[in-house]
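Use these hints to put chain U onto chain V, whose structure you have.
Protein chains in written order, with my numbering: chain V, 1 to 674; chain U, 1 to 56.
Derived by calculation from the structure, the hints in this document are not laboratory data. Note that beta-carbon positions come from the ideal geometry of N, C-alpha and C, so glycine has one too. Check the hints yourself; a few may be wrong.
[As the list claims (entries may be wrong)] If we take Cβ atoms under 7 Å as the criterion, some of the chain U residues that face chain V in the derived model are:
{"no.": "1", "residue": "V3"}
{"no.": "2", "residue": "L5"}
{"no.": "3", "residue": "A9"}
{"no.": "4", "residue": "L10"}
{"no.": "5", "residue": "G12"}
{"no.": "6", "residue": "V13"}
{"no.": "7", "residue": "I46"}
[Said to hold, decoys possible] In silico negatives: residues of chain V with every beta carbon more than 12 Å from chain U:
{"no.": "8", "residue": "N85"}
{"no.": "9", "residue": "P125"}
{"no.": "10", "residue": "A225"}
{"no.": "11", "residue": "K341"}
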Amino acid sequence: MTVHTKTSLSLFDAALVKPALWGAFAKLNPRTQWRNPVMFIVYIGSILTSLLWVHALSFPGDTGMKPAFVLAVTIWLWFTVLFANFAEALAEGRSKAQAASLRGLRKDTWAKKLHEPHHGAQWLPEQAPNLRKGDVVLVETGDVIPLDGEVIEGVASVDESAITGESAPVVRESGGDFSAVTGGTRVLSDWLVVRISVNPGESFLDRMIGMVEAAKRQKTPNEIALTILLIALTLVFLMVTVTLLPFSIFSVEAAGAGTVVSLTALVALLVCLIPTTIGGLLSAVGVAGMSRMMQANVIATSGRAVEAAGDVDVLLLDKTGTITHGNRQASAFLPAPGVTKSRLARAAMMASLADETPEGRSIVELARREGLEPTPVEGARFVAFTAQTRMSGADLPAAPNSLDTDPVLLRKGAVDAVRRHVEAIGGTAAPEVLRAAEETARRGSTPLAVAEGNRVLGQHAAGGGGGQPRARHRRAQGHRQDRHQGALRRAAPHGHQDGDDHRRQQAHRSSHRRRSRRGRLPGRGHARGQARADPPVPVRRPPRGHDRRRHQRRPRARAGRRGRGHGQRHAGREGGRQHGRPRFQPDQAAGSGGDRQGAADDPRLAHHLLDRERRGEVLRHHSGDLHLDLSAVGRAQRDAAGEPVVGDPERGDLQRAGDRVPDSAGAQGRALPG
Amino acid sequence: MIVFLIPLALKGVRYRPVGAAALLRRNLAIYGLGGLLVPFIGIKLIDWLLVAVHLV
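Bound conformation, chain V alone (with noise of 0.2 Å):
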């Protein structure tokens, strides 16, 4: 946090002063003194001698007591009251004005507010206090975000020094983890699309401020201890003068001369005895410190925080990024087939040599250490990183004997970006750079792809210092790319998507159970045919207690080949399962019915025979079936019709006039249910 609050107020300001004074009065309400024991009994004491005094005007010669002598006692006892509430309120002030100087740092701004919440939609300004929570606004290079919120659409870098002191721009994107951002930061590159997620005096900045000014009063340790002390001193003086005015009266009869002291006279020699000044002032020191950590640029949430302070030697940071900085080096050039490693190395130089990151200088000096000059090419266009394309290169001229003209562009960049890029210019990624690549991702390492023209060539891997990546192949196949890297991972013990129908990976699978409630077909599956024809396994369970036997503990944790006797069969998950095997064993069957595929992958294949089953006609009730009860709700989503508005098992049938066939269920001599 790196606030600036250099200019120091001095003492007695009389912009701090006047609202002290007013303070000073305020805080003669009876539940702010009691908060102070010591000053409450002299504004008790107060309270009496102003009676007393009233009194000796109201009936002269009954006390025998000159009301001048008891108004001048009143007053000072009264000055010294105020007094003490001025000390507190004018050390409040000046930490309230450090506040206000915190609050400086919210820059009340324009916001551009959409009418829609995308990129491109009408915006119209708006002050940044006037926005509600679920605006949207659009922000653009420059400009400061109005307040705290998440990103819907757009990458940006952000300066947030302001507020986490991260000197360096962060990236912030839509989706994922980077999507928060802060009022008060500037978008220093790109475009964001926000969504405010606070109302104004909610965001961080103003929780912030707050703390500032709620800090106030919080007894520290010491001063509690303190305050017990004065308060002990104080009842003590108390009791003396108490006990003083029975002794004057009694000295006074027994010796028949003299008078008995005054009320008056005792509690002004009550407010001498008690430790009024420590009292008094006690809370004004404790504001006092809290704003004398301010200048020192220390937030204290409270009191206890100031007394810890005051103990701290040394000072830790753990603060990745101000301290240290990203050092990514380039550690190894992996070409993708048929590419020489020189080849690969050439481009990847290409396309850093006006990329002056660490990084880039990096890449090049790998790629001498391979034994390339770098020798810049006349006429190549460098092309700079940007958060969207995260990508940088260069477009080389084509050269001179090639019939192609069109410059050469060489990409280096993120996998995915470049795989978009090369996609997107009609070639392809090769599947062993992609599966290299994860593969040097999950060794660490970040892969970095290179791309000339439409080609792939492999991609190098920056990491600091760690291992060495392998390279291996990895699937390409559109859309699965784009997966969850998550998801890859579970695939993987499947084998191959592409060359094997019947090993699939768990994201069709699921699909294939959804499927399978509807239309229960044998299906393609490993289980076809099996679990069917086989009669429905008695459950048994296996005895309670400790003394199972190996095999039949923890059965969660095999898979595939199990033990028998459990209803609700489960496949077990894919790395507990060995490569191709299938998911149960042949007397089994998944108690859900799961591993009855309907359909494959397209239910048009055998949709005609389908569209019986799910009427009723056909299969309605396998003999061999673990029958689970479905919920009304599952029960007529597996029956539903595979296009509602042709048939509804609900509402009765409506065929369409393809439905009778020669060989359709009619032959078969089943009633359509009614």
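Coordinates of chain U only, in the frame set by chain V:
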């Protein structure tokens, strides 16, 4: 007394990079001893003042 000590309370003492014991000794010498002596002097002064203006 409060009036005169307000500036001290708000400003605090200057930070000195010394150990806690040395700091305590120093503060006790200044504020402790001073706190013992100043009231006597102050009371005597007030007494003189009152006599001077013939209040007592």
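Ascending list of hint numbers which this structure does not respect:
Hint check: 6, 7, 8 fail, others pass.
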